[in-house]
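Enquirer: Residue numbers (my numbering), protein chains in the order written: chain A, 1 to 245; chain B, 1001 to 1245; chain C, 2001 to 2245.
You may find that some hints are simply not true.
[Stated by the list, open to error] Okay, derived cross-link-like pairs now, DSBU-like style, lysine-lysine, Cα gap no bigger than 30 Å in a straight line: (1) C:Lys2190 / B:Lys1105; (2) B:Lys1140 / B:Lys1233; (3) C:Lys2203 / A:Lys139; (4) A:Lys233 / A:Lys203.
[Stated by the list, open to error] A short list of chain B residues far from chain C (calculated; beta carbon distances all over 10 Å): (5) Gly1069; (6) Asp1077; (7) Ala1081; (8) Asp1094; (9) Ala1115; (10) Lys1121; (11) Ala1181; (12) Ser1187; (13) Gly1206; (14) Gly1216; (15) Leu1238.
In case anyone wonders, no lab produced these hints; they're calculated from the structure. Cβ coordinates follow ideal geometry from the N, Cα and C atoms, glycine included.
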Amino acid sequence: MIECVLESGIFKTILKGAICLVSEMRFRFDSEGLHARAVDPANVAMVIIEVPSSEFEAYRIDKDEVVIGVDVNRLYDTSRAFRSGELVDIFTEDSKLTVRCGNIKYSVDLIDPAAIRKESKIPSLELPAKIVLDAGEFKKALEFAWKVADVVELQSSEDGFLVEAEGDIDSIQYEVGDAEAIELNKSEAKSLFGLEYLREFCKVAGNGEVLTIKLGTNYPARFAFDVCDGRAKVEYVLAPRIETE
Amino acid sequence: MIECVLESGIFKTILKGAICLVSEMRFRFDSEGLHARAVDPANVAMVIIEVPSSEFEAYRIDKDEVVIGVDVNRLYDTSRAFRSGELVDIFTEDSKLTVRCGNIKYSVDLIDPAAIRKESKIPSLELPAKIVLDAGEFKKALEFAWKVADVVELQSSEDGFLVEAEGDIDSIQYEVGDAEAIELNKSEAKSLFGLEYLREFCKVAGNGEVLTIKLGTNYPARFAFDVCDGRAKVEYVLAPRIETE
Amino acid sequence: MIECVLESGIFKTILKGAICLVSEMRFRFDSEGLHARAVDPANVAMVIIEVPSSEFEAYRIDKDEVVIGVDVNRLYDTSRAFRSGELVDIFTEDSKLTVRCGNIKYSVDLIDPAAIRKESKIPSLELPAKIVLDAGEFKKALEFAWKVADVVELQSSEDGFLVEAEGDIDSIQYEVGDAEAIELNKSEAKSLFGLEYLREFCKVAGNGEVLTIKLGTNYPARFAFDVCDGRAKVEYVLAPRIETE
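Excised from the complex, chain A in its bound form (with noise of 0.2 Å):
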């Protein structure tokens, strides 16, 4: 049994955070929080969500684990009409899922959590490059780049970061130096990947959130997206796109 209070923004957030990858997921409620880590069918990428306990307004849970299965884009797509900071009530019962906000009430069944992909573990992954800038200023390099293509290069040199793009005619480049990132360690890393995820990613956060990006060469990369003031955390995991010439 679950019963909890969460800001409505926040849970709007981790639910548009899950769906660009999977339609149904498993939530862990423990002493801590609420944790839901799931892998794309395509097992190109992984989404790891987080929220400690402490960001909810109220936080129960009968068990020292609840893990329920939740179709994270029917509540999405309810949930977003939810005026943003307001207060869900969020509870099952009788093998429902609930959530309450203002004046709707909105049921759905749970999913058994034996019936959804397990949780892959996280990957541990050595990146040497680290770069922090604002999520608005990457997704304007993602939609330039996918003006020419559908893989984007990723590439941190003494030179800033750079974001580029070649189509069969014509390329992009889209550089962000010092003067446009929060964050630079300048160690040497490249690796091509998907825009298509990179895109999707990308909604989960406004302009004026902060990114961090972790990036290695071939090698999969970080994307930890601050949302909600920092109160929540929606990173994704993605598996480079293998060069081909």
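Got chain A sorted already, so can you dock chains B and C onto it with the hints?
Expert: Chains B and C alone, transformed into the frame defined by chain A:
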């Protein structure tokens, strides 16, 4: 012969109220004003439009009653671009209806009223429950309901007014209590309605405009919109859906 | 070789002016500035683009005349996202055209100018009527006309300027008199034009920008847009439609 002048906002609103049910309509002008009434092709809903002659800036008819057949779709499509607050000259001449607003003069062939389906009588209905609320609030409730089903139950009781929809695996309830409503008589009543009709009806009104619902049990209901600061009336009568369980 | 700098607003506007007629275009740079001209595949309309060299922030060419072939569609598609007011570096190198604006560098293969249809001469036209008006006003008139037909009659007379369209059962007239126009010489002239062309032309200009129309009778007309505060010129010549009655 008709020669009258009406504020463009009222003109656009009554046409918008008509087009959700029919594309051609009989407009009846008499000493009291403009009256129009039509039933949709499926015989499920009726629209009733009234603009008192006193709300026209000028109003002249050459007989006690003038009935014209109007292609409301075309007329709405053109007039929706009229600037709000301007005056519209409306006149008939040579079996054409002409409207003039600002720099624009639009003429369209009149339709023989005899070729348009005759108005049915307004049914006399005993409807115990009365709910008066902001049309925007009702619209929001319908949008939530639409996420889970295409039929909605409207229910009045001593607890207030409830908009409820049931999907296969989820359900939604939107409660309108004393705090949200303008008036609730709290009589017992409960009927199911097609959401597509209700959502169409609501297009005629903006947030802040007043909607009066009169409701029975498994019975047609009335939805009266007080549009344009009460200067015109657009009302719908909708047959209930029969519950099949 | 070209090396020049142009404000992004002008750069985007001339590309927008081009793409409504062609996807590839010859740009001619000489001591006076940038000149471009093209006829659409149907031979109905010509676009003429001029940016004086004095409107560039920097302007350097290595020959008296440099002609390049440009994929205007791709270039516009990328540059439309450039922030207005920024400067765009434009240069050719290794048979590529490169534009740099803010953090973005975009390169695209040049097209062999010989592979692009040669510009026709600008026809010399005796056009008695002159109409100068807000491009936004003309746009509005066209949108109304579009509701009833795909051909429009433009008419100048001592009564002013009239935009008129006839459908099968309806018709529309949009009158521009002395109060609405900037200048009307009121000479007699009247021609029919395809609305799709005119609507495309108008996309290049915003509300408040000045459009000068020169009109004859059953004769091509000129539509000159004074874009970017008059710093660049985008002009169209459009062949008339022949009335078939």
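Enquirer: So, for every hint listed, does it hold in this structure?
Expert: Okay, the hints, checked on the actual structure:
no., hint, verdict
1, C:Lys2190 / B:Lys1105, "19 Å, holds"
2, B:Lys1140 / B:Lys1233, "22 Å, holds"
3, C:Lys2203 / A:Lys139, "27 Å, holds"
4, A:Lys233 / A:Lys203, "14 Å, holds"
5, Gly1069, "12 Å, holds"
6, Asp1077, "6 Å, violated"
7, Ala1081, "6 Å, violated"
8, Asp1094, "12 Å, holds"
9, Ala1115, "14 Å, holds"
10, Lys1121, "31 Å, holds"
11, Ala1181, "40 Å, holds"
12, Ser1187, "47 Å, holds"
13, Gly1206, "23 Å, holds"
14, Gly1216, "42 Å, holds"
15, Leu1238, "31 Å, holds"
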